[in-house]
Amino acid sequence: MSEPSRGSRISRRSWLLAGLAAPLFRARAADNLAVSFDGDNLHIASPDLHFLAGKPLARLKDGGTVVFFGRLTLFRDPFVTPFRRVDARFVVSYDIWSEKEARFAVTVPEPAPRTVLLPASAAEAWCIENLAINASGLPPDRPFWLLFDLRTVPRKDLSQVLGDSGINIKNFFIEFFSRQPGTDDPQWTRPAGPLRLADLVRTSGRGKIG
Amino acid sequence: MKYAWLGCVLLCRLLAAAPQDPEVNVNARYTVESVILSGQGWTTNLRSETTDKISLGLRHELVALIGQKLNPAALDSLASNLKKELSAREVTHRVVRGETPEEVRVEFEVKPAKVSADLNLNQFVYDAKQGWSGSGAAGLTAGSHSVSLGLVSDGDWLDERYAGFRVRYEDKRLLTDRLSFRFQVESYHEQWNSSTLTALASHTELTSEAYRARQNFQPSLTITVAKPLTLEVGTRLERFEAEDPTAGTLASDALFTTLRYHQRLDDSANQQDLDGDCTLQAATRAIGSDYVYSLRTAGVRYQFRHGKHTVTDNAWTGMILGRAPLSDRFVMGNTYYLRGWNKYELDPLGGNRAVHNAVEYRYGPVELFYDAGAIWDAGQQPIPRQSLGVGLRESAFSLAVAFPMRSGHIEPIFMMGILP
Chain D
1 MSEPSRGSRI SRRSWLLAGL AAPLFRARAA DNLAVSFDGD NLHIASPDLH FLAGKPLARL
61 KDGGTVVFFG RLTLFRDPFV TPFRRVDARF VVSYDIWSEK EARFAVTVPE PAPRTVLLPA
121 SAAEAWCIEN LAINASGLPP DRPFWLLFDL RTVPRKDLSQ VLGDSGINIK NFFIEFFSRQ
181 PGTDDPQWTR PAGPLRLADL VRTSGRGKIG
Chain H
1 MKYAWLGCVL LCRLLAAAPQ DPEVNVNARY TVESVILSGQ GWTTNLRSET TDKISLGLRH
61 ELVALIGQKL NPAALDSLAS NLKKELSARE VTHRVVRGET PEEVRVEFEV KPAKVSADLN
121 LNQFVYDAKQ GWSGSGAAGL TAGSHSVSLG LVSDGDWLDE RYAGFRVRYE DKRLLTDRLS
181 FRFQVESYHE QWNSSTLTAL ASHTELTSEA YRARQNFQPS LTITVAKPLT LEVGTRLERF
241 EAEDPTAGTL ASDALFTTLR YHQRLDDSAN QQDLDGDCTL QAATRAIGSD YVYSLRTAGV
301 RYQFRHGKHT VTDNAWTGMI LGRAPLSDRF VMGNTYYLRG WNKYELDPLG GNRAVHNAVE
361 YRYGPVELFY DAGAIWDAGQ QPIPRQSLGV GLRESAFSLA VAFPMRSGHI EPIFMMGILP
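Quick note, the sequences are listed as chains D and H, same order.
Start counting the first sequence at 1; every next residue gets the next number (the numbering used here).
Start counting the second sequence at 1; every next residue gets the next number (the numbering used here).
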């Protein structure tokens, strides 16, 4: 069922909420989120976003696997009322025998596993490109807001919770409630909006993803 | 929102066999060339070296990685097991390029716990003749320093039943890895068997009189001469309170030195351990001792393991020259030497000469042993004695029936407990 159109009016309360919510996002002016529409799905691009860096990169360079969890959410008002959401998981590892250029293997496990082997910036771009959200049923002239969120899945949680004798409840609670967000698990958030389908750059159809 | 994320993250991890699946990590196509285990001040390359810091089973699991394709999921599990075994604060692992292309080296780094507390039951045995004996200790470890407080009630090891406490401080790294320091204080009250008191009355020249309490202060330094050879030097300052309080206190102050050797030889199917030690302890009036004697012991232990089969030979001998207090004399007929015999029947005062050999064969938990030895005093004719036993042993827990081999009758002794 398509979303009911309410025209282009945005209430003063929504604008106020948007004003309050904006500083909560760690987005800077330079961290633009480009949104395009292929007729079915909304695609995003964020050339300034480099998530293969810092602690995740160090873990990858140590031969480990890092799982990134991405989410796109559509809001009918400035980041208050979500009406559609899509999640995706990217499993990344670093080829320690890379020759001249560092190569990262990125696997999208669902629905059918796909793996690519790319340099860092291309691997980042590939992840973001594969995160698309279905925009069917959205009126072309109705404003909406889009929020992109990306974070790493903590490495330690299950290894400490699942023991030889099953699930250790104590460790489960310790692990989840003692971890300070942002210290071990980096998170990137990029907002965009207000947007209208009619205003977005149209790209050639890439099939349904989201 | 936060809880929605939490749920997603948890779900992700529950599904996340995927990130741990070997085929997901691009390095899973490479072969493991070597496995390095390192900690504070030590490194072991498990391809060419061995270590006794971890259990045999875990070591085999780590060594089994070599020559196989890299399995990142296995590394997480092994790091977790290492953390448990070594009581470490954290064990991290990394994969780096090997010497040869397409091969990788796996490195585990052990970060020791800043402060850890332990509660150990060191010994707990029941001997049908001597009753219960036990010792336990609570300890704190911070870096290389450890302190423990233990309680003891032992009617097995010596000809006396002693009960009291034991406090120990140890610095495993005194300025250098090659030097460690230990200071132990013991304070015990004694109970005597009537046969010991009777024998004492007629052999006052052999040893001390019975005492009601004794204290021992024992500082020592252990020097790693050349791995695996260590030398321990120290003093043993003992005080004996006479049964009659008006008789005062007698001292047994001795210097001692012990040379120890441990070698482990491993191949893919077998494991061999060789341990050797010899001790010289000398008490003289020059350092204020009321007892003048010298004590020498030497022992060799060899163990061969193949699958579930384990064969051990443990040979030991000791000699005392002079008049040593009762607590320093040799005793047999306990749960260590000439098992099955009654120590008060063999020699209620102990002996100043002893020789012993124990052969043990174990298949899984089933154990058979054969003890042979003699205990006597200088000038006496040694009488060789033997015993046979059968039992179950799993880790430190032991349950056994020992049969002293003598003519006339069979009188088995039942033993059970936790043995070091």
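By construction, these hints were calculated from the structure, which means they are not laboratory data.
Cβ atoms here follow ideal geometry from the backbone N, Cα and C, with glycine treated the same way.
Just to be clear, a hint being listed does not mean it is correct.
[To be verified] Some residues of chain H that are not near chain D, with every Cβ distance over 12 Å (derived):
| hint | residue |
| --- | --- |
| 1 | VAL24 |
| 2 | ASN25 |
| 3 | ASP76 |
| 4 | THR92 |
| 5 | HIS93 |
| 6 | PRO101 |
| 7 | LYS129 |
| 8 | ALA137 |
| 9 | VAL225 |
| 10 | ASN270 |
| 11 | PRO365 |
[To be verified] Quick partial rundown of chain H residues pointing at chain D, CB under 10 Å, derived from the structure:
| hint | residue |
| --- | --- |
| 12 | VAL26 |
| 13 | ALA28 |
| 14 | GLU61 |
| 15 | VAL63 |
| 16 | ILE66 |
| 17 | GLY67 |
| 18 | GLN68 |
| 19 | LYS69 |
| 20 | LEU70 |
| 21 | GLU102 |
| 22 | GLU107 |
| 23 | LYS111 |
| 24 | LEU121 |
| 25 | LEU274 |
Quick rundown of the hints versus the structure:
no. : hint   : verdict
1   : VAL24  : violated, 5 Å
2   : ASN25  : violated, 4 Å
3   : ASP76  : violated, 5 Å
4   : THR92  : violated, 8 Å
5   : HIS93  : violated, 8 Å
6   : PRO101 : violated, 7 Å
7   : LYS129 : holds, 40 Å
8   : ALA137 : holds, 26 Å
9   : VAL225 : holds, 38 Å
10  : ASN270 : holds, 28 Å
11  : PRO365 : holds, 20 Å
12  : VAL26  : holds, 4 Å
13  : ALA28  : holds, 8 Å
14  : GLU61  : violated, 13 Å
15  : VAL63  : violated, 19 Å
16  : ILE66  : violated, 16 Å
17  : GLY67  : violated, 17 Å
18  : GLN68  : violated, 15 Å
19  : LYS69  : violated, 13 Å
20  : LEU70  : holds, 8 Å
21  : GLU102 : holds, 7 Å
22  : GLU107 : holds, 9 Å
23  : LYS111 : violated, 14 Å
24  : LEU121 : violated, 22 Å
25  : LEU274 : violated, 33 Å
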